[in-house]
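**Student:** Sequence:
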Amino acid sequence: MKIDGWLFIAIMVALVLIPEAGAISIYQDQTSSEQNERVLSDRPALSGAELHAVLSDFEKYAKKSMMDWKVPGMAIAIVRGNDTIYMHSFGIRNISCNDPVTNNTIFNIASITKSFTTALVAMQVDEGKVNWDDRVIDHLPDFRMYDPWVTREFTVTDLAAMRSDLPNSNPAECLDILGYNRSYIMHAIRYIKPDKSFRSGFNYQNNLLLWEAALVESKTGKSWEDNIRDRIFLPLNMTNSSTDVKSFRQAKDVASKHVIMENGTVKAIPMNWKYMEDSLGPAGSINSNIIDMAEFLRLQMNNGAFEGKRLINKSSMIYMHSPKTVMPSVIAIEFPAYYCQGWVYSEYRPYPIVLNGGMGYHRSIIAFMPDAKLGIVVLCNAYPTALPNALAWRFFDMYFGNPDKDWSTQDLNKWKAFQKLNNASRPKPPEHPSPALPLEKYAGNYSNEIYGQINLTAKENNLIATTGPIGMQIVLTPWNRDTFSAIIQDIIIAPPGFASFHIGPDGTADSVTLDLRYFDNATFKHV
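Whatever position you read off the sequence shown (first residue = 1), add 307 for the working numbering.
Keep in mind the hints are simulated off the structure, nothing from the lab. Be aware that one or more of the hints could be misleading.
What the hints assert, rightly or not - Below, a list of computed lysine-lysine pairs in the BS3-like style, where the Cα atoms sit at most 27 Å apart:
1) K371 / K748
2) K712 / K735
3) K370 / K721
4) K621 / K721
5) K621 / K748
6) K735 / K371
7) K559 / K370
8) K371 / K574
9) K377 / K721
10) K712 / K723
11) K367 / K832
12) K371 / K727
13) K574 / K370
14) K529 / K553
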């Protein structure tokens with residue numbers, strides 16, 4: 308059995324988002340929040356000398372941890388109240404050169420983008436254009452889920468609460484990497500069968516954020532990109548931030564994406580890599596630097612106000628930061644954690660944390676304690692790594708005098724153990740495999756209602772599968788009779804999988820099933 312797919316995602320989400328347990332107290336409503344603020348306002352902040360010592364020790368820890376994880380470069384900002392009390396950049400932008408990461412260096416913040424998109428929805432709520440409990444179809448009549456009842460009951464809150472009936476690893480989550488556009492992905496959701504009851508549990512999604520963006524577009528008459536620019540970037544002076552791959556590639560001071568291989572080597576991803584896409588933009592395409600992200604953090608910690616102006620009502624901020632869905636034990640391993648609206652609520656010492664993280668050949672985290680008005684942003688240019696969240700927890704520990712814990716070493720050891728287990732669990736080639744049929748018996752065109760067309764051609768001793776608008780190629784090599792090993796070309800971190808053919812009465816293949824990352828056991832029928 309391979310340990311890929313959902314479990315891989317779960318392990319990374321756990322390392323990306325969740326610290327260990329603290330006391331349990333849910334950040335439930337505006338009244339309790341205001342009471343906490345009054346109580347905590349009397350708590351003295353660290354003095355200048357104490358703060359300097361904490362930040363100095365933290366910086367040393369950050370440098371060592373970055374080297375341990377073999378991350379080429381990163382940037383960190385720490386905000387207290389309305390002030391940025393620390394900002395520093397480390398390392399290099401690309402392993403092939405020595406250009407340093409600066410505070411202006413652009414990173415892709417990936418899923419932290421969800422926090423921006425839900426903020427746009429909150430603005431529509433504040434303006435009376437929509438309510439959190441409104442049914443989506445009342446605003447977007449084309450919205451469809453697989454089950455008609457779920458379609459009718461699906462609310463605006465459900466779009467970003469990660470509690471739909473869609474599987475965690477589902478086809479619509481991967482259509483972007485094949486080159487499909489947003490409208491295609493949004494339409495494809497209706498064909499995906501549920502794997503649990505609606506609102507019965509946590510299922511992490513990207514594609515439903517496209518419908519959330521469409522809702523904003525329908526109320527404003529402007530694109531999601533223009534709304535992000537006009538309603539968030541410009542008011543927050545986030546002048547270096549953008550929403551698309553083109554801007555990322557054209558940035559002069561930009562951190563290249565890197566992959567940390569299982570053997571410890573680090574590979575840079577070329578800027579012209581064809582799998583950089585922004586079809587899932589509202590769920591993960593924003594690019595920013597540490598200066599701009601510190602401003603976004605200030606907005607969160609000040610309950611929607613910035614530089615004396617209110618961008619989002621306090622009640623909407625609290626709603627976005629409040630628990631909606633219990634996260635499962637495979638992610639929240641040692642204590643309860645909850646998904647909110649583009650944010651995660653997590654207990655910690657001495658106060659709860661609201662956070663979000665991003666991963667996509669860059670890694671990032673934004674985390675803050677609402678009750679203490681203290682937060683941190685960490686951006687780094689490599690994946691997979693739990694470095695950003697390890698640094699966040701370490702900083703909070705040092706600031707509040709929590710018991711000393713080396714989060715980075717602990718998480719690195721966990722990740723190495725997972726890799727070892729994953730490698731050991733991968734299938735071994737059979738000692739005496741049965742020969743495959745002549746490759747021409749498998750070749751031809753196949754179709755799937757979600758993924759579209761896939762073309763298989765024989766080339767030497769392999770089959771080459773080509774699919775999607777982007778022309779993804781998968782090399783299929785005979786494994787055992789009608790089962791072939793499958794390797795996606797040019798996707799560095801995608802592990803091998805399998806393609807299994809069903810042979811029809813005429814002796815040729817009439818379908819093929821891909822047990823492979825991005826394809827989730829999808830079956831394609833011969834046409």
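**Student:** Holds or violated: are the alpha carbons of K712 and K723 at most 27 Å from each other?
**Tutor:** 19 Å, holds
**Student:** For K712 and K735, compute the direct alpha-carbon distance and say whether it is at most 27 Å.
**Tutor:** 39 Å, violated
**Student:** Would the pair K377 and K721 pass a check requiring their Cα atoms to be no farther apart than 27 Å?
**Tutor:** Satisfied, since the Cα-Cα distance of roughly 16 Å is no more than 27 Å.
**Student:** Take a quick look at whether K621 and K748 sit within 27 Å of each other, Cα to Cα.
**Tutor:** It is violated: about 64 Å lies between the C-alpha atoms, which goes past 27 Å.
**Student:** Taking only the CA atoms, is the gap from K371 to K574 under or equal to 27 Å?
**Tutor:** Distance of about 20 Å is within 27 Å: holds.
**Student:** Does K748 lie within 27 Å of K371 when you go C-alpha to C-alpha?
**Tutor:** 56 Å, violated
**Student:** Would you mind confirming whether the straight-line C-alpha gap from K367 to K832 stays at or under 27 Å?
**Tutor:** 57 Å, violated
**Student:** Are the Cα atoms of K529 and K553 separated by 27 Å or less?
**Tutor:** This hinted pair holds, its Cα atoms lying about 20 Å apart.
**Student:** With the threshold set at 27 Å, check whether the alpha-carbon distance from K370 to K721 stays at or below it.
**Tutor:** Since the Cα atoms of K370 and K721 sit roughly 20 Å apart, the hinted pair holds (cutoff 27 Å).
**Student:** With the threshold set at 27 Å, check whether the alpha-carbon distance from K559 to K370 stays at or below it.
**Tutor:** It holds: about 25 Å lies between the C-alpha atoms, which stays within 27 Å.
**Student:** For the pair supplied as a hint, K574 and K370, confirm whether the alpha-carbon distance does not exceed 27 Å.
**Tutor:** Measuring from Cα to Cα gives roughly 20 Å; hence the hint holds.
**Student:** Would you mind confirming whether the straight-line C-alpha gap from K621 to K721 stays at or under 27 Å?
**Tutor:** It is violated: about 39 Å lies between the C-alpha atoms, which goes past 27 Å.
In summary, the numbered hints that this structure violates are 1, 2, 4, 5, 6 and 11.
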